[in-house]
Amino acid sequence: MCQVATDMKKVLARKHEKFFERHLQLLPSSHQGHDVNRMAIVFYSMVGLSILDVDVPAKYNYHLDWIRKHYIKKTLDDKNSTVISGFVGSLVMDIPHATTVNIANTLFALLSLIMLKDYEYFESILDRESLSRFVSRCQLPTRGSFVSCLDYNTNSASPVDSDDLRFCYIAVAILYICGCRSTEEFDRYIDTRKLIEYIMAQRCCGGAFGAHNEPHAGYTSCALSTLALLSSLAELSDKFREDTITWLLHRQVSCHGCMQLEDDSNTTYDQSDDGGFQGRENKYADTCYAFWCLNSLQLLTKDWKLLCQTERTKNYLLDRTQNTLTGGFSKNDEDDADLYHSCLGNAALALIEGKFNGELCIPQETFDDFCKTCHC
Amino acid sequence: MEEYDYSDITPLPIQTDVQDELCRIMYTEEYKQLMGLTRALISMNELSPRALQLTSQVIHVAPAFYTIWNYRFNIVRHMMAESDDTTSYLNKELDWLDEVTLNNPKNYQIWSYRQSLLKLHPSPTLKRELPVLKLMIDDDSKNYHVWSYRKWCCLFFNDFQHELAYTTDLIQSDIYNNSAWTHRMFYWVNAKDVASEVELADEFQFIMDKIQLVPQNISSWTYLRGFQEFTHDTIQQDEKVVQFATSFTADVLSLPIGSPQDLPGIESSYALEFLANHWSADPASRDSAVKAYNLLAIKYDPIRKNLWQHKINILS
Numbered sequence: 000m001c002q003v004a005t006d007m008k009k010v011l012a013r014k015h016e017k018f019f020e021r022h023l024q025l026l027p028s029s030h031q032g033h034d035v036n037r038m039a040i041v042f043y044s045m046v047g048l049s050i051l052d053v054d055v056p057a058k059y060n061y062h063l064d065w066i067r068k069h070y071i072k073k074t075l076d077d078k079n080s081t082v083i084s085g086f087v088g089s090l091v092m093d094i095p096h097a098t099t100v101n102i103a104n105t106l107f108a109l110l111s112l113i114m115l116k117d118y119e120y121f122e123s124i125l126d127r128e129s130l131s132r133f134v135s136r137c138q139l140p141t142r143g144s145f146v147s148c149l150d151y152n153t154n155s156a157s158p159v160d161s162d163d164l165r166f167c168y169i170a171v172a173i174l175y176i177c178g179c180r181s182t183e184e185f186d187r188y189i190d191t192r193k194l195i196e197y198i199m200a201q202r203c204c205g206g207a208f209g210a211h212n213e214p215h216a217g218y219t220s221c222a223l224s225t226l227a228l229l230s231s232l233a234e235l236s237d238k239f240r241e242d243t244i245t246w247l248l249h250r251q252v253s254c255h256g257c258m259q260l261e262d263d264s265n266t267t268y269d270q271s272d273d274g275g276f277q278g279r280e281n282k283y284a285d286t287c288y289a290f291w292c293l294n295s296l297q298l299l300t301k302d303w304k305l306l307c308q309t310e311r312t313k314n315y316l317l318d319r320t321q322n323t324l325t326g327g328f329s330k331n332d333e334d335d336a337d338l339y340h341s342c343l344g345n346a347a348l349a350l351i352e353g354k355f356n357g358e359l360c361i362p363q364e365t366f367d368d369f370c371k372t373c374h375c
Numbered sequence: 000m001e002e003y004d005y006s007d008i009t010p011l012p013i014q015t016d017v018q019d020e021l022c023r024i025m026y027t028e029e030y031k032q033l034m035g036l037t038r039a040l041i042s043m044n045e046l047s048p049r050a051l052q053l054t055s056q057v058i059h060v061a062p063a064f065y066t067i068w069n070y071r072f073n074i075v076r077h078m079m080a081e082s083d084d085t086t087s088y089l090n091k092e093l094d095w096l097d098e099v100t101l102n103n104p105k106n107y108q109i110w111s112y113r114q115s116l117l118k119l120h121p122s123p124t125l126k127r128e129l130p131v132l133k134l135m136i137d138d139d140s141k142n143y144h145v146w147s148y149r150k151w152c153c154l155f156f157n158d159f160q161h162e163l164a165y166t167t168d169l170i171q172s173d174i175y176n177n178s179a180w181t182h183r184m185f186y187w188v189n190a191k192d193v194a195s196e197v198e199l200a201d202e203f204q205f206i207m208d209k210i211q212l213v214p215q216n217i218s219s220w221t222y223l224r225g226f227q228e229f230t231h232d233t234i235q236q237d238e239k240v241v242q243f244a245t246s247f248t249a250d251v252l253s254l255p256i257g258s259p260q261d262l263p264g265i266e267s268s269y270a271l272e273f274l275a276n277h278w279s280a281d282p283a284s285r286d287s288a289v290k291a292y293n294l295l296a297i298k299y300d301p302i303r304k305n306l307w308q309h310k311i312n313i314l315s
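Protein sequence lines correspond, in order, to chains L and E.
All residue numbers for the first sequence refer to numbering that gives the first Met the number 0, where the first residue is 0 and numbers rise by one.
All residue numbers for the second sequence refer to numbering that gives the first Met the number 0, where the first residue is 0 and numbers rise by one.
Derived by calculation from the structure, the hints in this document are not laboratory data.
None of the values given here were measured: they were computed from a predicted structure.
Every residue gets a Cβ at the ideal spot worked out from N, C-alpha and C, and that includes glycine.
Some hints could be false.
Stated by the list, open to error - Here are the computed distance ranges between Cβ atoms for each label pair:
1) L:Q24 - E:T27: 17 to 25 Å
2) E:A200 - L:L305: 40 to 48 Å
3) L:L25 - E:H161: 49 to 57 Å
4) E:E228 - L:L305: 25 to 33 Å
5) E:R23 - L:K354: 26 to 34 Å
6) L:T323 - E:S315: 40 to 48 Å
7) L:H255 - E:N189: 37 to 45 Å
8) E:S315 - L:D52: 42 to 50 Å
9) L:T74 - E:N189: 40 to 48 Å
10) E:D83 - L:D77: 33 to 41 Å
To be verified - Here are the computed lysine-lysine pairs in the BS3-like style, where the Cα-Cα straight-line distance is at most 25 Å:
11) L:K116 - L:K68
12) L:K68 - L:K58
13) E:K209 - L:K282
14) E:K304 - L:K238
15) L:K116 - L:K17
16) L:K354 - L:K371
17) E:K304 - L:K301
18) L:K282 - E:K91
19) E:K239 - E:K209
20) L:K304 - L:K330
21) E:K91 - E:K133
22) E:K150 - E:K191
23) L:K304 - E:K304
24) L:K193 - L:K238
25) E:K118 - L:K193
26) L:K282 - E:K133
27) E:K118 - E:K209
28) E:K150 - L:K193
29) L:K354 - L:K58
30) L:K68 - E:K31
31) E:K133 - E:K191
32) L:K354 - L:K330
33) L:K9 - L:K330
34) E:K105 - L:K330
35) L:K282 - E:K105
36) L:K14 - L:K330
37) E:K304 - L:K313
38) L:K371 - L:K116
39) L:K116 - L:K354
40) E:K133 - E:K209
Next up, chain E with everything else stripped away, as it sits in the complex (with noise of 0.2 Å):
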């Protein structure tokens, strides 16, 4: 790291031993020292090299510091207007901030900061996104601002290509991660404007696939019923999909409601749902789903039984 000198600096050192202070913090020197050159630098609105490295010194301490963030942008800016490649010089920003990124997975001005450098740079590329966005991603499946990070590179690159693929492979190691099928959700809904009935079918099987082998997994159980609706008028699977459903509740349906106990145990309340959810919209199969929502309250799940018992009342 260079070595600057800031010699010449008057510190707007920050006031300590408030008698009224609430929640004081016990500074250390560092801190200090750091915090009263970087507001004289904030001050004067020095946009130079030495101010830039001081920006990195103060993220490292505190990542939520939002001016800081404003300011290196601004010295980013007009350093960049000053080099004589402005990609390369943007590209080294980038790679400072790839280090950043991997050492504060929540915090979520990394990303609106990376977003403005993409904006800024005149050649950007979603493919020197994707080796920073796999690794947070490996580190935490479900980290929100990643994937909202990744959604917005789709679409401001648009750019779908490695969605699909992406999302079996996370899907195949975490069943359960809610974050992959809502980012498959996702891709249908974006990726182009008209997707083939042979894709739709196949899609249909996937997800069949998947419940399957997990039935009992609502993230799979919800995507099937947005991939649904999706669908609905380019290729009709209901029938299908009932049946599907229905293999999942060892025919309690057919059974008489005695009390829970006597009842089987199925594979999956979220068929059952599923299934009471879909023969409500249609008057003749209502007493169908009543007697869905009934089973789900006695038995299936219980935790729920006022959900249940509002649904039925809504139905008569």
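So here's chain L without its partners, still in its complex pose (with noise of 0.2 Å):
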């Protein structure tokens, strides 16, 4: 590379960075609608200062305490005096005598810690055991699906809360950190074969998972994923991971060829979009769906660079959707850069490096040396 590219690059990693830090520093009341899930704000900044190759753990140190009070644990008043355990998204959901812990905080606090290297926490301080039973009670037993958080008065499962992929995922995640990895081992927790048949009630007949039959990258991305950490992708026929396989490269817009013909009469068509990757058929591309994409094709087949053109992808995040003024991704090239998208533009150019794990979405060395330290 000549040293103005070079230069150029380096520029935009640290207008990145700085994206990144003012995140996790001081944010205007406009962000007082998030303020309940801050974890996610915290998680999706460490995900991208660590794919920058910011020293995390050694920047953000004196904030572990600070994360790690968001961990409650709780005797729960039934005939076996119970005791479960998660985090919660604020301090302002820390509310005596009600339990708000929910399992998208909890996985965003983990993986957070996890990037910050606190080894010691998972060591000694977090409780697997009552934390494994909180997931548990977020399982749906007729329908083997997932809610988020459970009744604050009761602590059965949430009887307002949804129950999708999404929370199937971090469900199964969850575990996974804490160290299951046989059937066995999610068993005695969840009822796994329940699961699965849920999952597989969402594939949707031409490829792809999705709720009643309209797939969507994103709930496929979660439904590969949960199925990689619970050593289950095997459950796929080889017919449904081609259709699968189909489908996701046909998320991958172009401009050229028939697809130019849509340019008149198509109004989610956009001919720029070339290389991006949109979430579901007649979509405009947007950042965030390169990497459900691109995570629910490396899940399927190692061959999957071979399989689609990720070097227009590349381009089509750097040149189109990344904010070279400000540092960060945005969904489309109209809108502000925002830090989800700015996490999963940067997310998906890891991936393509190869140096990302996308079934936990955070960098492959960070997650490698937890392992090994951790014996997880």
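Join these two chains into a complex; the hints should help.
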């Protein structure tokens, strides 16, 4: 690479870094709506910084106690005095006498602590048994799927929360981090068979996964990551795998061949999206779907980089949705950069470079180091 | 809006000025007061009209606050039991929810909350749900949560009578609306045990008319494939469909594969892919399939050239 291009790359990397750092500092009151899920902001920012090779443990070590405070352990008022534990997304949610822990924030917190290399926490503070018990209670016995939290008062699965593939994925990822690997280990806490049946029922007839037969790249990534963590990808038939690979590759938007014919009449087609990925048929490309689609592909076939045009995806991300002024990525070329798309834009690039663990959504090296040290 | 007195409540204030805090939010005074009060009421699990009123305020400011929906539901359940008329009490709650829904199109908690209310309702109706569904889909015709909810309603009420006409209208106004197409498939799969041959033949005609109108549209071609699979045991349209698909490919399959610039333009890469897929199934027509995939790779859909090559490798 020539000197000018290398310098430019450094300048941009620094801008991305600053973009993520800003989100960990002071946020305007317009973020109050996200207060209850603040752990998501921590997670997305730290993933971004870790990808950019920032020394996250050194830089944010001071904040460990604050994150640890979000871990709540509770003895239930039942005949066995059951203990459950999990994380809240914000200290605002730490409400006496109410169970407010949530599996999404729990996963975000655990992964953030892994990125911070707070291994002492995993070895001597975190109570994996009661945490897994909390996850267990989020499973709906008849459907096999998961909700994200418990009724604050009765401690059974929330009566008003939705159940979908996202929460199935999150539940399984938490158990995986807690050390579950074999079906027998997962079965100690959840009904794995029933969960797999639920996931299989979300298959769509032309490949991929989604609710009621409308395939969706985000849900597909959740379904495949869950099956991968359960070592159960073999449940999928060869035909379904092939259909899903085909469906995923069709999500790459192109401005060549017959695709140009759509330019005049399809209001959700844009030639400049070439190389990017869409989440569903006939939608604009969007930064985050580069990650969801590529992660799904890499789980289905080791030849994924030979099958799709990752160079074009890189160009789409770097030239179209990257914000070269503020750092970060936006959803498309119109909006301002936002944290979620910035995290997943960087994650997609890291995945293409082979440096990212897509199932858990953190850098591979970070996870390997955690496994080696914590023997999980 | 009724004014309630909360002066007897000792708030549980949220902590501010925590030294090692990350992502510190500059709270407004209103937010701090509202949360202080809410935390206190949840902690006591007070199930009262004033608590209900407070949850409205919190949902307005922070609809992602998952516990607040749970809390509201418990209040509603409790007060419903105490009211003389459960139906009208729950209808009032649904009215309130309609307003919140219109203001929060991307929030997903709303829909599961709605489902919980309908399950609680002594006499829920689909009629009550249709207007808000229509408004939401008019506003964003591909909103995944709204479509999922619509499908849930169809199954919950076991009522599919509006669906076919509804998707016809939506496809009429935007033929590329993939949600409308997949919803149409959902209709066929779930609406009835058996559809008549006439109905199925009419539907084939509907699809072909739509493809004729816009041949380069992945949604209608995917639907055609799905519908063919769905009707396979009842009605055989394969020959007709193959002829139909061929009509969009400018006889390119009868030409020698030369260099891409010598090949004519065609109306639809999806038609060619459809044919390739169809021919792949029968060893006698595999050469045609290979040719079609080759054409896609070199000219008609080159971004997926490695996929098309992969399909050829599977065949040989």
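Hints versus structure:
no., hint, in the structure
1, L:Q24 - E:T27: 17 to 25 Å, "18 Å, holds"
2, E:A200 - L:L305: 40 to 48 Å, "43 Å, holds"
3, L:L25 - E:H161: 49 to 57 Å, "50 Å, holds"
4, E:E228 - L:L305: 25 to 33 Å, "29 Å, holds"
5, E:R23 - L:K354: 26 to 34 Å, "31 Å, holds"
6, L:T323 - E:S315: 40 to 48 Å, "46 Å, holds"
7, L:H255 - E:N189: 37 to 45 Å, "38 Å, holds"
8, E:S315 - L:D52: 42 to 50 Å, "45 Å, holds"
9, L:T74 - E:N189: 40 to 48 Å, "45 Å, holds"
10, E:D83 - L:D77: 33 to 41 Å, "35 Å, holds"
11, L:K116 - L:K68, "17 Å, holds"
12, L:K68 - L:K58, "19 Å, holds"
13, E:K209 - L:K282, "19 Å, holds"
14, E:K304 - L:K238, "20 Å, holds"
15, L:K116 - L:K17, "21 Å, holds"
16, L:K354 - L:K371, "17 Å, holds"
17, E:K304 - L:K301, "18 Å, holds"
18, L:K282 - E:K91, "37 Å, violated"
19, E:K239 - E:K209, "16 Å, holds"
20, L:K304 - L:K330, "23 Å, holds"
21, E:K91 - E:K133, "20 Å, holds"
22, E:K150 - E:K191, "15 Å, holds"
23, L:K304 - E:K304, "13 Å, holds"
24, L:K193 - L:K238, "23 Å, holds"
25, E:K118 - L:K193, "23 Å, holds"
26, L:K282 - E:K133, "21 Å, holds"
27, E:K118 - E:K209, "38 Å, violated"
28, E:K150 - L:K193, "23 Å, holds"
29, L:K354 - L:K58, "21 Å, holds"
30, L:K68 - E:K31, "20 Å, holds"
31, E:K133 - E:K191, "23 Å, holds"
32, L:K354 - L:K330, "23 Å, holds"
33, L:K9 - L:K330, "23 Å, holds"
34, E:K105 - L:K330, "15 Å, holds"
35, L:K282 - E:K105, "17 Å, holds"
36, L:K14 - L:K330, "18 Å, holds"
37, E:K304 - L:K313, "18 Å, holds"
38, L:K371 - L:K116, "12 Å, holds"
39, L:K116 - L:K354, "18 Å, holds"
40, E:K133 - E:K209, "23 Å, holds"
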